[in-house]
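Just so we're aligned: 440 in the working numbering is position 338 of the sequence shown, and the numbers increase by one with no gaps anywhere.
Do not take every clue at face value.
Said to hold, decoys possible - Simulated crosslink set (BS3-like; lysine-lysine; CA at most 25 Å straight-line):
no.: 1; residue 1: K328; residue 2: K359
no.: 2; residue 1: K404; residue 2: K442
no.: 3; residue 1: K404; residue 2: K420
To be verified - With beta-carbon atoms standing in for the labels, derived distance ranges:
no.: 4; residue 1: S394; residue 2: F417; range: 21 to 31 Å
no.: 5; residue 1: T338; residue 2: T267; range: 46 to 56 Å
no.: 6; residue 1: F417; residue 2: T259; range: 49 to 59 Å
no.: 7; residue 1: D405; residue 2: E471; range: 24 to 34 Å
no.: 8; residue 1: V255; residue 2: V428; range: 42 to 52 Å
no.: 9; residue 1: D342; residue 2: I318; range: 30 to 40 Å
no.: 10; residue 1: Q254; residue 2: F417; range: 46 to 56 Å
no.: 11; residue 1: N379; residue 2: S348; range: 26 to 36 Å
no.: 12; residue 1: K330; residue 2: A270; range: 42 to 52 Å
no.: 13; residue 1: T259; residue 2: R443; range: 57 to 67 Å
no.: 14; residue 1: L298; residue 2: H465; range: 52 to 62 Å
no.: 15; residue 1: D405; residue 2: K330; range: 28 to 38 Å
no.: 16; residue 1: K337; residue 2: T246; range: 23 to 33 Å
Simulated from the structure, these hints should not be mistaken for laboratory data. Being a predicted model, the structure only gives us computed values, none of them experimental. Cβ atoms here follow ideal geometry from the backbone N, Cα and C, with glycine treated the same way.
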Amino acid sequence: AGEPRRRRRPLAFLASAPRGGAQGRLMAMRSAFCTSLRPLRPLRRMPSMAPTPLFPLELSARRPPLSAGLASERRFSAEAAQASTTQASPADGEVPQPTRQQLSRLFVNSAVPFVAFGIVDQSVLIWAGDAIDNTVGVCLGLPTLAAAAMGQVLSDTCGVTFGGTIEAVCLKLGLPLPGLTDAQQRLGVTKRVSTLGGVIGVIVGCIIGMSNLLLIDLQASERAKKAKELETIMKTVMADGRSSMSCERATLWIVDKEAGELWSSVATGVDGILRVNYTKDVSIAGWVAQHSEMANVADVTKDPRWRRDNGSSDFVPKSMLVGPVVRDGEAVAVIQLLNKREGERIATFNANDEKVLQMLCGHVAIFMEQLS
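Please put together the full structure from these sequences, using the hints given.
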């Protein structure tokens with residue numbers, strides 16, 4: 103107890119503090135504290151271990167944050183990609199312009215395949231459309247435009263199917279290539295010349311393909327359609343005329359002024375086409391066609407204009423009523439009614455029958471005018 107108190111030894115960093123009072127010691131403590139914040143070096147016995155700082159990384163002012171390094175790396179990658187894209191697609195001004203010879207060769211190489219394509223397309227369209235118009239169009243009564251549309255479908259199908267073959271054949275012609283680089287092929291002038299060559303080629307090919315029209319009878323389908331419609335009119339009118347007029351036979355004769363004949367494909371009781379030359383032979387129907395007047399004969403055997411033109415020896419005509427189908431002041435057809443029936447006997451056509459026949463001739467004239 104009587105032993106004197108031992109004086110404590112000051113800390114090392116306090117011992118090295120300069121003599122300046124409390125302010126000097128405070129500065130020494132701050133310096134020592136900042137020095138202690140440095141990360142420790144890795145142990146020599148464990149070289150693979152990363153250095154472990156004593157404090158969190160965000161407290162260290164000497165090491166930059168990791169996110170900043172990633173941002174700079176990504177920014178460098180984006181700049182490099184943009185630079186490579188700019189080098190891959192240079193502007194038009196940096197690419198040498200194609201020469202006139204190169205553009206001429208490009209025009210020819212673009213036009214020749216389309217010339218062949220235009221010829222094939224137009225030829226298939228014309229021949230297929232004409233065949234459809236003469237068959238399906240006549241049977242179903244389709245207009246010519248519908249047949250042309252069907253032909254266009256076949257034409258486009260052939261174009262898609264044989265397009266590669268046409269290009270292969272054109273390549274075998276040995277045409278000189280333009281020799282353009284990839285950059286020159288992307289120029290605006292190159293694209294315009296290539297498009298112009300294709301357009302001119304298609305136009306020339308289609309014009310050449312239209313020469314097939316010289317080998318086709320353009321009026322054949324129209325004649326077939328008119329004949330079918332006329333036959334329908336004959337069947338309808340003659341069936342109605344026979345039933346409404348109560349006669350044994352009804353016939354619609356068509357006047358052919360160029361041949362000087364009367365012909366009919368529909369005559370009740372008779373098969374086939376009947377033809378009568380009304381300019382040479384004497385007949386009541388021919389007389390009506392020439393004079394455009396109605397004839398009502400009670401007994402044809404006593405009329406000097408009568409001849410056996412019914413095409414059947416078994417049929418014996420008695421009474422006859424013939425009316426003209428007039429259009430523009432001329433007879434274009436003749437309706438002939440034979441042997442009016444009243445019960446079991448053959449009667450004579452009266453004035454009412456003439457009025458009904460006149461109305462029937464007017465309807466037929468309207469139908470035939472639509473056909474023309």
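For each hint, the structure was consulted:
no., hint, result
1, K328 - K359, "holds, 18 Å"
2, K404 - K442, "holds, 17 Å"
3, K404 - K420, "holds, 10 Å"
4, S394 - F417: 21 to 31 Å, "holds, 27 Å"
5, T338 - T267: 46 to 56 Å, "holds, 51 Å"
6, F417 - T259: 49 to 59 Å, "holds, 55 Å"
7, D405 - E471: 24 to 34 Å, "holds, 31 Å"
8, V255 - V428: 42 to 52 Å, "holds, 45 Å"
9, D342 - I318: 30 to 40 Å, "holds, 38 Å"
10, Q254 - F417: 46 to 56 Å, "holds, 52 Å"
11, N379 - S348: 26 to 36 Å, "holds, 31 Å"
12, K330 - A270: 42 to 52 Å, "holds, 45 Å"
13, T259 - R443: 57 to 67 Å, "holds, 59 Å"
14, L298 - H465: 52 to 62 Å, "holds, 59 Å"
15, D405 - K330: 28 to 38 Å, "holds, 35 Å"
16, K337 - T246: 23 to 33 Å, "holds, 24 Å"
The structure shown violates none of the earlier numbered hints.
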